[in-house]
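Below, each chain spelled out in residue letters.
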Amino acid sequence: MLPAKAKEKLAQLLGPRGYLDRPEDLILYEYDGSVDKARPDIVVFPRTTEDVVAIVRIAREFGVPIVGRGAGTGLSGGSIARAGGITVAFSRMNRILEIDLENERAVVQPGVVNLDVTLAVDGSGYFYAPDPSSQRACTIGGNVSENAGGPHTLAYGVTTNHVLGLEVVLPDGTVYTTGGKELDLPGYDLTGLLTGSEGTMVLVTKVTVRLMRKPELVKTILAIYDSDDDAGRTVAEITARAITPVAVEMLDGVMLKMVEQATHAGYPLDAAAVLLIELEGIREVVEEQVEQIREAAQSCGAREVRLAKSAEERELLWKGRKNAFGAIGRVSPTYYVQDGVVPRTKIVPTLRFIGEVSKKYGLIISNIFHAGDGNMHPIILFDTRKAGDLEKTIAAGEEILQYCIDAGGSITGEHGVGMEKNEMMGHLFSAETLDMMRRFKELFDPDNRMNPGKVLPTGKGCLEIRQPALGPGAATY
Amino acid sequence: MEKSSQVTLQPSPVLPRNPQELADALAAAATRNRTIALAGASSKHLMAGPVEPADVSLSTAAMTRVLQYEPRDLTISVEAGMRYADLDRLVAQNRQMIPLDPPFSETATVGGILASNTSGPRRRLYGTARDLVIGMKFATLEGKLVQSGGTVVKNVAGLDMGKIMIGSFGTLAAIAVVNFKLIPRPAAEASFLLPFDGLDQAIAARNRILKGQTPPIAIDLLNPLSSAQLGYKGHLLALRLAGNTVAIERCRRELAARDALVLEGKEEARFWKQVQEYTPHFLEKFSQGAVVRASCTLAQLKEVMSSFETAAIARAGSGICYAYFTRADAAVRWLTSATGRDWKAIIEFAPDDQRDRLDLWPAPGAELEMMKKIKQMFDPNGLLNRGRLFRHI
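Residue numbers (this note's numbering), protein chains in the order written: chain C, 1 to 477; chain R, 1 to 393.
Don't read these hints as lab results, they were simulated from the structure. Every residue, glycine too, gets a C-beta built ideally from N, C-alpha and C. Heads up, none of these hints are tricks.
Some but not every residue of chain R turned toward chain C, in silico, with C-beta under 7 Å:
{"no.": "1", "residue": "ARG72"}
{"no.": "2", "residue": "LYS163"}
{"no.": "3", "residue": "GLY167"}
Label pairs and their calculated CB-CB ranges:
{"no.": "4", "chain 1": "C", "residue 1": "ASP116", "chain 2": "R", "residue 2": "PRO362", "range": "35 to 43 Å"}
{"no.": "5", "chain 1": "C", "residue 1": "HIS427", "chain 2": "R", "residue 2": "ASN33", "range": "34 to 42 Å"}
{"no.": "6", "chain 1": "R", "residue 1": "GLY265", "chain 2": "C", "residue 2": "ASP116", "range": "45 to 53 Å"}
{"no.": "7", "chain 1": "R", "residue 1": "GLY365", "chain 2": "C", "residue 2": "LEU443", "range": "12 to 20 Å"}
{"no.": "8", "chain 1": "C", "residue 1": "ASP116", "chain 2": "R", "residue 2": "LEU15", "range": "48 to 56 Å"}
{"no.": "9", "chain 1": "R", "residue 1": "GLY265", "chain 2": "C", "residue 2": "ARG439", "range": "50 to 58 Å"}
Put together the whole structure using the sequences plus the hints.
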């Protein structure tokens with residue numbers, strides 16, 4: 001419970017429209033895009049860095065946890081107030097402070113929506129590269145916290161490769177500026193350390209990002225397969241032939257049906273899998289690579305290789321891909337998305353293993369993922385109303401992640417650890433490594449009030465934590 | 001290469017043969033409160049701050065194994081003491097690359113390149129170690145091996161601690177294992193050298209090229225004094241392009257004006273090697289010389305470059321300028337005026353007999369306080385590479 005005095009101080013600071021604390025309002029802030037939920041005691045809406053500092057000082061005075069929140073689209077429970085306390089919602093710190101095309105930079109507040117950065121420079125020939133599927137809603141602050149990825153990170157890298165400077169507020173209220181518009185500043189790379197720290201060390205109040213030149217030509221290819229093995233083999237073949245697409249996405253048959261029914265993007269309904277491949281760059285190179293991709297796909301048994309003929313056709317294919325999670329909601333009341341990564345050469349056996357897990361548990365598992373970098377997104381469809389479905393889902397998910405670990409991969413490629421996979425961190429990292437992460441957190445947040453219960457194992461078993469949070473009606477999509 | 005007195009002041013190095021031995025050696029020294037001088041091949045011993053004379057000297061130079069390399073995964077894992085040149089040749093066999101282009105590239109170790117965050121011309125497109133490293137193991141003074149990241153190209157599991165090691169000059173822990181992502185070598189490459197009489201025209205050309213449709217993988221700007229060293233005249237804008245032969249042909253038509261020099265094959269490789277190794281060559285020639293590095297915006301680059309009365313080379317598409325002063329006091333004078341103009345600059349290399357009294361990093365900013373706390377966490381007694389981080393840490 002938030003002490004009454006703390007609430008009073010926050011209300012005084014932010015005014016009656018600067019916070020929410022009625023249960024019916026708080027309900028909207030108890031979940032994100034993942035399956036867990038927990039309710040904060042109060043949600044506050046700062047407008048400035050000074051507001052954030054004042055909020056953090058009040059939280060410190062009363063020993064209250066702080067959880068930062070962007071748009072709440074996260075997929076690992078990163079913005080869920082697991083221990084209650086103050087949720088700092090950045091939706092009103094949503095100004096683009098500076099567009100500096102001459103220096104290929106933009107400076108934005110954390111609540112700016114990802115896609116709005118690119119839209120703000122529309123027509124100038126520049127864009128902001130990281131493109132999470134939720135980019136129409138998710139915020140730059142959330143992207144920085146989770147080190148978000150997206151389909152095109154295959155070529156352009158994830159958020160950390162595009163964030164050059166931060167303004168951050170520590171839990172004791174001190175403000176630091178790290179990095180800047182310039183590159184290679186001497187000293188420790190605090191910007192790199194804090195990007196992806198999942199809100200467990202600081203709150204981010206300003207972000208300097210890199211803008212990139214748009215490529216001259218973009219070509220989008222849809223390769224259609226009667227077997228998902230063949231699609232998986234094509235990914236390896238693309239690497240072997242040294243072709244460098246900017247995105248290689250795979251959708252399996254189950255997913256194709258769901259996506260096509262929802263979006264009518266032109267995906268085949270009878271295929272076992274498709275690859276959505278994008279090539280960008282200098283015209284002559286892209287044109288040659290289109291042919292190379294065609295050959296690679298056909299040599300691996302593609303039934304058909306289609307080239308998007310217009311920008312509209314291309315956008316529709318991507319719309320289908322990026323809205324896929326929404327499409328699942330039409331078919332299954334609840335689903336659970338995994339984010340494991342395997343080396344590229346292990347994609348085919350991993351898909352086979354996921355198929356076996358699906359059979360073993362009697363659950364439909366559909367795959368839609370960033371095949372080019374081995375970032376799997378098996379989606380387990382389940383029904384919370386069916387007894388035992390939930391337990392089976394959790395067990396199946398963990399088996400798949402364990403397989404990814406054993407294959408030399410990771411439990412998360414872009415969604416973050418959050419409160420979803422923190423208990424699995426011990427399978428991936430040694431005690432020494434986890435202890436070092438814990439010490440970094442303690443250095444910034446000695447009282448453990450920044451997003452507590454995330455990233456690092458809490459020592460409790462997974463089921464104990466997840467089961468109540470996954471109760472009937474918990475997940476609504 | 002000239003040996004520095006500072007290096008010879010350190011005891012002869014202990015050479016651990018694997019990550020565990022490295023961790024054990026650090027712990028053995030730290031538990032007895034011995035100060036430690038840590039290095040790879042010591043190729044950059046004149047860079048940044050001198051390590052104060054230490055009780056124990058440690059080198060990763062005997063840790064040279066390739067731990068994992070599956071070319072079809074486009075990843076590789078190597079021990080930190082592996083020479084970059086050996087690594088580069090190994091992956092080149094599969095037409096792959098780690099395009100860091102560091103100076104001292106024949107002798108430098110992978111760990112040393114990361115610790116000093118050195119890079120070169122192709123960073124415009126491919127970035128630095130910050131972008132190419134996907135995982136790391138480092139050994140702490142407590143004798144522990146800590147993992148950051150892994151061997152897959154996309155991974156956000158846990159804190160990205162590897163980032164803090166890049167550019168830390170071995171002041172926190174010892175980099176033991178490095179995992180890189182690999183990039184396929186382009187099918188065709190060519191470089192164009194565009195000479196200009198004035199800096200204004202060179203910058204105007206750079207601006208056009210940066211906004212153009214054929215983005216170079218490297219855009220370096222040599223001022224007349226540095227271009228003369230390489231046998232050219234005037235302000236020289238050097239562009240490196242990659243793609244296929246048709247694309248290169250088009251780039252030649254669009255980017256290479258009539259007076260441009262087109263370099264291909266061995267000639268091209270030789271030119272870029274000279275640019276990449278400009279600093280080592282300069283230091284060999286001028287034992288009293290100092291190298292300044294200034295980080296600036298693309299817009300500031302012209303002003304920064306025009307402020308140098310010495311040889312200078314800029315990564316003109318990234319905003320990094322290197323200036324070569326034959327005497328360290330001239331570098332200090334420049335740095336004082338630069339700091340007054342709010343430019344972010346350091347003395348990157350200085351003569352060994354002067355480094356211990358020069359202000360190598362005059363304006364570190366408030367975040368130095370946070371950096372010192374991180375140092376304190378790793379090394380509470382200040383044992384490891386004391387003074388190496390530009391004499392501030």
